[in-house]
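> Fit chains B, C and D to the supplied structure of chain A, relying on the hints for placement.
There are 4 protein chains.
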Amino acid sequence: MPQDVNKRRLRAGIVGGGAGAFIGAVHRIACELDGQALVVAGAMSSDAKRAKESAAAWFLDRSYDSFRKMAEEEAKHPEGIDFVIIATPNNLHFPVAKAFLEAGIHVVCDKPMTFDLKEAEELVGIVEKSGLIFALTHPYLGYPAVQQAKAMVAAGELGEIRKVQVEYNQDWLLEPVAETSRKQAEWRTDPARAGVSCCVGDIGTHGENLLEHITGLKIQSLCADLTSFAPGRPLDDDANMLLRLEKGAKGSLSCSQIACGEENDLNIRVYGTKASIEWHQLEPNYLTIKPKGRPWETWGRGSAYMGDAAKAVTRTPHGHPEGYLEAFATLYRLIIADLRRVKSGKKAAGGYPTAEDGLRGMRFVVKAVESSKAGAVWVEMP
Amino acid sequence: MPQDVNKRRLRAGIVGGGAGAFIGAVHRIACELDGQALVVAGAMSSDAKRAKESAAAWFLDRSYDSFRKMAEEEAKHPEGIDFVIIATPNNLHFPVAKAFLEAGIHVVCDKPMTFDLKEAEELVGIVEKSGLIFALTHPYLGYPAVQQAKAMVAAGELGEIRKVQVEYNQDWLLEPVAETSRKQAEWRTDPARAGVSCCVGDIGTHGENLLEHITGLKIQSLCADLTSFAPGRPLDDDANMLLRLEKGAKGSLSCSQIACGEENDLNIRVYGTKASIEWHQLEPNYLTIKPKGRPWETWGRGSAYMGDAAKAVTRTPHGHPEGYLEAFATLYRLIIADLRRVKSGKKAAGGYPTAEDGLRGMRFVVKAVESSKAGAVWVEMP
Amino acid sequence: MPQDVNKRRLRAGIVGGGAGAFIGAVHRIACELDGQALVVAGAMSSDAKRAKESAAAWFLDRSYDSFRKMAEEEAKHPEGIDFVIIATPNNLHFPVAKAFLEAGIHVVCDKPMTFDLKEAEELVGIVEKSGLIFALTHPYLGYPAVQQAKAMVAAGELGEIRKVQVEYNQDWLLEPVAETSRKQAEWRTDPARAGVSCCVGDIGTHGENLLEHITGLKIQSLCADLTSFAPGRPLDDDANMLLRLEKGAKGSLSCSQIACGEENDLNIRVYGTKASIEWHQLEPNYLTIKPKGRPWETWGRGSAYMGDAAKAVTRTPHGHPEGYLEAFATLYRLIIADLRRVKSGKKAAGGYPTAEDGLRGMRFVVKAVESSKAGAVWVEMP
Amino acid sequence: MPQDVNKRRLRAGIVGGGAGAFIGAVHRIACELDGQALVVAGAMSSDAKRAKESAAAWFLDRSYDSFRKMAEEEAKHPEGIDFVIIATPNNLHFPVAKAFLEAGIHVVCDKPMTFDLKEAEELVGIVEKSGLIFALTHPYLGYPAVQQAKAMVAAGELGEIRKVQVEYNQDWLLEPVAETSRKQAEWRTDPARAGVSCCVGDIGTHGENLLEHITGLKIQSLCADLTSFAPGRPLDDDANMLLRLEKGAKGSLSCSQIACGEENDLNIRVYGTKASIEWHQLEPNYLTIKPKGRPWETWGRGSAYMGDAAKAVTRTPHGHPEGYLEAFATLYRLIIADLRRVKSGKKAAGGYPTAEDGLRGMRFVVKAVESSKAGAVWVEMP
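Protein chains in written order, with our numbering: chain A, 18 to 399; chain B, 18 to 399; chain C, 18 to 399; chain D, 18 to 399.
Quick caveat, the hints were computed from the structure, so don't treat them as lab data.
All figures in this text were calculated on a predicted structure; none of them were measured in a lab.
Honestly, I wouldn't trust all of these hints.
Identical chains blur together in the list; that is why a pair holds if it fits in one copy or across any two.
[Unchecked claim] In silico DSBU-like cross-links for lysine-lysine, where the CA-CA straight-line distance does not exceed 35 Å: (1) LYS364 with LYS69; (2) LYS24 with LYS115; (3) LYS135 with LYS235; (4) LYS364 with LYS264; (5) LYS390 with LYS291; (6) LYS69 with LYS135.
So that you can see chain A by itself, here it is in the shape it has in the complex (with noise of 0.2 Å):
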């Protein structure tokens, strides 16, 4: 008889990841933090014999080479995987998700959640169509001061939102890709794998995301000026856009790949008319407040003044920094607790972005390119 769901750590599997990856490794550990779920079968290359090392390197217990197969195979194990992990190029997102949600298998993908458009739609379908849980992962949603932010925006401590700056500016493309050792530079550069964008699909859409998530307001037409500044590059590296938000409110978004020395430069910030707020995924732990005439605030993750809904994803008291991973954890406790309950019988919580918000970064980035391709013209998101 199975174990009762709840006496367990769930049972996770996981496509693409091998060896040589960054991300198939931070999806391991992010799922694996809390002690709530292990990885235990995996897809993880197309190539069967990097498959088998990469499974072997994890001591996962099943290796398949084909994540058809996996799917086929784990729906029918009597110790079979609860969710699976997708974790490949962008191309693969879909027919991957497809399959395993088609075999009744909950899905949590990295992002962007498709390749173009027109799957992104579709999938939507499958996904209300399964009953089944999607989770996308944009991880910098875990981060308890994000959470502070949103919680405080959706308070009126900031007041009437009317400026919103968010930047996100790396330097891993700066070469052009024969000159850089990133094996992922190779494919997302690649029209054929990475799809219409680049720059804006791989961290545009973070910024997005952020943006969205935490002021509550729906971006409403936008006017992009994406550049391919390195030599030979079909897809943009770098974007500009000036943003109109609902309610009347204004902002900008810059994403780079290109803007040398530059790590992860994710910033936000977000004026009210209250109060504004700051923060920066490159010393995550501490959110900046800027009250109205009143001193400027740093509100420390794991301090006790803090709100629920950022303590609920605290995981070490203040002093002790937090980083990306467990940011990226935050994100598989809020879908594990959901897959938990939906297991038993329960409804899921959520929390975290699903396929809806999938399709609403695909349209940003399809968006974007549109506005740009036409000349930086404002173009309206649906």
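Okay, now just chains B, C and D, sitting in the frame of chain A:
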């Protein structure tokens, strides 16, 4: 017999800057700081009583209640002023400058240069015809770190410039004017005295000037989205812009006077192919360099390794922070050195903004307003 | 037949760390984070019910209500634990470690190593005799920036070390225990469980360990002024010390648990003749280098230019901040790698604190207390 | 008839500060910055030619090659100086001050006040007898953030002070003097001109003065470990001290002139039972408050919420950074205001360091040297 100009402090006059005006005192301190000039005469207010009291408070030798009379009399006075400082609201810059130039007196003028573009164009002609020095006070250029940044870009240390981000966010117009106590707020938001723009004219121009000064690249076109957030305000208090620069560089510029909690948050980041540079006016003694593939560097004002341009405008050794007044004083140092040259029959050396820069600044303001009125579309900068 | 130890995750047990204890969860996460071990058994509380509930919450295979019984049974179990984690109050460290070592089970122990110096000396003997691995968890050594600092000092990049400043300020004992809600506060300030010192024993030792680890210099003598500021507190909650190190270097160490508003403000500055190094635990991903006559440098964790020692303990690329849990996990990574070596008949490689370091830490605490009791006079460190 | 003192700038003279001397120019700028005084006479060097050239470069009305002659003649001159500035090496402070005080001229003197304790005690008597103003320039007291800190402590906002940490680290004496190019290095390290201490006398006293000024607590005893690290240097270039203050507070003070890469890294942290305060001279416009159980606060110079003491010494609105020269000028502002009072027959108001503070500073230096020579033992401060 008048004393040799090189054996005495120069004599300055001031128009405007009466009691309660922030910028008047700044000009006096900056002008006198290096011990090269003294303010001795003034028409500090159009209100006669206030003019007299302001002059007495500054121990001036001569006080006027009309700038025209001042120009006329000082030109004839055996110990008349060597130059005049214009620190009035924008709408008076032109007539005051004209009066003094036509009286044969050199001019140092606050920015923006004039009330509108027509005046600016006319003033350039008047200056040319006069053969006198006309200097515009963009004080941020006076910071040693800015001089260093400009020199490093010029020396090719950043490689090709690809991307520039400039921000200048404040909050002093967060509330409608009626609710603030700042004297300046009144005329800044009044189209009859400030001109076509408040925020872009007041601080956006600082951003534009700083950007072009450091990068040596002209803005070729811009797409500007201006907003008046405060209820009832006739002029913009916020702007977001996309920029296209010479040589294919791209950029963005954000300025705001309603960014709750911000002081004078003027920041610039310049991204090149070999290195990037970052400077924050609120910590002006440091310049951050992010070279490709090497650790970030913090260059400290006053250090032995700084370049000649920065050293030439440095007063105290490193570790003794210089601030805004010193930067402002540096403009005066350069201007006064030129006045000494010119008065000794030598050629001016420059290094400070001139009427041409002032005209360019006015064009920037006009074009930003034009772009925004047309729906935030791209417009060319001549 | 038992599975090859190199083809499976190691099995860990834990003593202490029951529900509500901060450090227990930290050990579990750190131990499991790299996917190299799983906690499968525990004696998590001396209270049987709490022990059972804690074990169930962690999905442990086996729960004990006595650490002696656990040592005995695990030693015989065919799938018994490979090592035990000790996460109890200080006074239990010795008996637990002794029980497991004598049962032939490797030990990972929280610091300070023992209740008093006598136990520490005895434990060193027991470890030696056992031939087993005994590792002490000073987690700050696990930060890549700390590894980098140590490597740079060792390579002579700082020249001769002249001065070292270490601080570790917190505020969690600001109030008398009765007024705080932290479980840990109770035993930390109780001489019967914590030993001769609270503040120096708890965090001063981290400072001493970090200082000697990075500089490679031993403390030769110290002059310590300990204080109990909170009314009625029997042990120190604050200390200021002067240090004299090998090779003529001087230093100071400050630690406090009543420094209002401080989180875990652990900072170290090492001044050499050629460069200095500065590291702040609250921004652990960066290391500041101040070379003679050149700009300050900020070295970022995960960057290509970092040395091998730092790279070996780096999980995510630069820009994805790592935190305290990752640093803690790095100790486990090094320990587990050694466990695999030893269990495969190879020689241990070390790189983590051992019983000798634990003994040195205990001596430091005892000498600090001795110095202070004598009026803050100089005492020698053996 | 001499002009009413309140209707003119005061006239200052200077002794020392000839070409090449850093501190001379600082005094001139600071003295004149607020437009309340002008330097008009000087004995700027004991070398007659250099004295003359220095005076000419400053456009002084009167130049002397002997301070005694200057005192004598200025006392008789109908437009003689109102006060003298002493900017010589330490060994001349006393004779110069004595000469001017006895000539009936007020004195502003650089620190440390005298060459040795005997002189200091004698000078206190001379000042008292003279009835004149004697002010000592500890410029760091002039920063608005320091004024704010002092006011907050005095108002009880920190509760009881428990712990204070002060540091002042520089590196300008990193090398033996023969290898540096700084003129000042020569006399600072020469016992015949600097006195019994180099580092403690030069910058340790700033730390002591700042600490007592902000906290209002006197140092009661100290234990100081002074070192001469540079080969062949006869005086200390580094010191670490433990402090015991009034009301049971404890502290530490570190100062160094061989701290590689440090500029003027002057920092103070004051820990109370209700809040702590932190200030860094390198970012002087901000004061960090860490209140118990609430977020950290950053108080910005020039903000409306600042207290009266800080506002009284603030020149520019927030966001326009002030620096070292402005802080120095604030001392002069307070001193000149008192000179106006005294010359108008009113009572001095104070607010700047006096001869009593200078004597205390000298005692601190002497006691630190005494403690260190005895093996770094505790000594009482009278």
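> Taking the earlier hints as the rules, which of them does this structure contradict?
The structure breaks none of the hints.
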